[in-house]
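Chemist: Generate the whole structure from the sequences, applying the supplied hints.
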Amino acid sequence: MHTMWKGAISFGLVHVPVKMFSATEDKGISMKYIHKECGTPLSYVRKCKHCDEEVEWEAITKGYEYEKGKFVLFEKEELQQLETETTKEIQILDFVQLEEIDPIYFQKTYYLSPGETGANAYSLLLEAMKDSGKIGIAKISIRSKSSLAALRVLDKCITLETIYYPDEIRAIEKIPNLPENVDVKETELSMAKMLIDQLTKPFEPEKYHDDYRGQLLELIESKVSGQEIKIAPKQQTADVIDLMTALQASLNAMDTGDQTPTKKTTAKSKTKKKETVS
0 MHTMWKGAIS FGLVHVPVKM FSATEDKGIS MKYIHKECGT PLSYVRKCKH CDEEVEWEAI
60 TKGYEYEKGK FVLFEKEELQ QLETETTKEI QILDFVQLEE IDPIYFQKTY YLSPGETGAN
120 AYSLLLEAMK DSGKIGIAKI SIRSKSSLAA LRVLDKCITL ETIYYPDEIR AIEKIPNLPE
180 NVDVKETELS MAKMLIDQLT KPFEPEKYHD DYRGQLLELI ESKVSGQEIK IAPKQQTADV
240 IDLMTALQAS LNAMDTGDQT PTKKTTAKSK TKKKETVS
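Mapping of the sequence shown onto numbering that gives the first Met the number 0: residues 0 to 277, in sequence order.
Everything hinted at is true.
Computed list of lysine-lysine pairs in DSSO-like fashion (alpha-carbon distance at most 30 Å, straight line):
| hint | residue 1 | residue 2 |
| --- | --- | --- |
| 1 | K144 | K173 |
| 2 | K133 | K155 |
| 3 | K206 | K26 |
| 4 | K173 | K107 |
| 5 | K18 | K107 |
| 6 | K5 | K144 |
| 7 | K18 | K129 |
| 8 | K144 | K87 |
| 9 | K144 | K75 |
| 10 | K144 | K61 |
| 11 | K206 | K192 |
| 12 | K18 | K138 |
| 13 | K107 | K144 |
| 14 | K46 | K144 |
| 15 | K46 | K31 |
| 16 | K26 | K222 |
| 17 | K35 | K46 |
| 18 | K31 | K233 |
| 19 | K155 | K129 |
| 20 | K138 | K155 |
| 21 | K144 | K155 |
| 22 | K155 | K206 |
| 23 | K229 | K26 |
| 24 | K107 | K129 |
| 25 | K67 | K48 |
| 26 | K138 | K5 |
| 27 | K184 | K173 |
Simulated DEER-style distance windows between Cβ atoms:
| hint | residue 1 | residue 2 | range |
| --- | --- | --- | --- |
| 28 | T186 | I100 | 33 to 39 Å |
| 29 | E57 | E36 | 30 to 36 Å |
| 30 | T255 | R45 | 56 to 62 Å |
| 31 | P178 | S112 | 43 to 49 Å |
| 32 | E57 | I100 | 42 to 48 Å |
| 33 | M193 | E126 | 42 to 48 Å |
| 34 | Y163 | L250 | 34 to 40 Å |
| 35 | L198 | M3 | 36 to 42 Å |
| 36 | M0 | V223 | 28 to 34 Å |
| 37 | L92 | T186 | 48 to 54 Å |
| 38 | T39 | Y104 | 42 to 48 Å |
| 39 | P178 | E57 | 54 to 60 Å |
| 40 | I103 | E185 | 26 to 32 Å |
Bear in mind the hints are in silico, worked out from the structure with no lab data behind them. Quick reminder that beta carbons are idealized off the backbone N, C-alpha and C, glycines included.
Modeler: Spelled out as structure tokens, the structure:
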């Protein structure tokens, strides 16, 4: 596994040398843009619109657009001087309960292993966090990007989850058409709760699969082997029914074990249906 970062966890005056590894990998299938006419992959060219010429990496710098069409430019050295020794430090600021952090804050997970001389300090921090049930909130810089992070214990490993700063989370108030005055019928609410109860199971991540990726791989194999590809007709959508009927049909499907109906059903409340007619 590739080491992507080396540094140390610091809490108080204690320093724990660690190495960082990515805990996840993108299983998405990469495709290239191809010229249909000749089958050649298209390349991307860094071209200056003003000079009408391709620009080499050596002639490229970074700039910030402070007004439309106006930029302040930065040399590489100017940005590097902002980096300090703290870029190699995971500084724990506070310890909190994991339940206090909403999942919207989480970004990416990394595994941390002890450095060559940090096994004892690593084990001490791991056991202390495990016994306390707390997680650490820290600051870290990865590839010149400063992030908040949550340090927690997963099995026998300390993991680091980068999390967004509060001002990076968009305000819910900006989302249009959210209901203000919620008016839910008790009978519908009761049936919705029953449906949730029947669908409630222990979380078993291994039972979930990327169906799209699997179907795409099969399609790729078929094309590579020269098989004829037939496009299946779209699933037929059933007539619009009221919300109560949709809930009852869902509960009936759970009772019979049929959770994959062949026709999709769109549910609307009776009130909204009347409004549409008028």
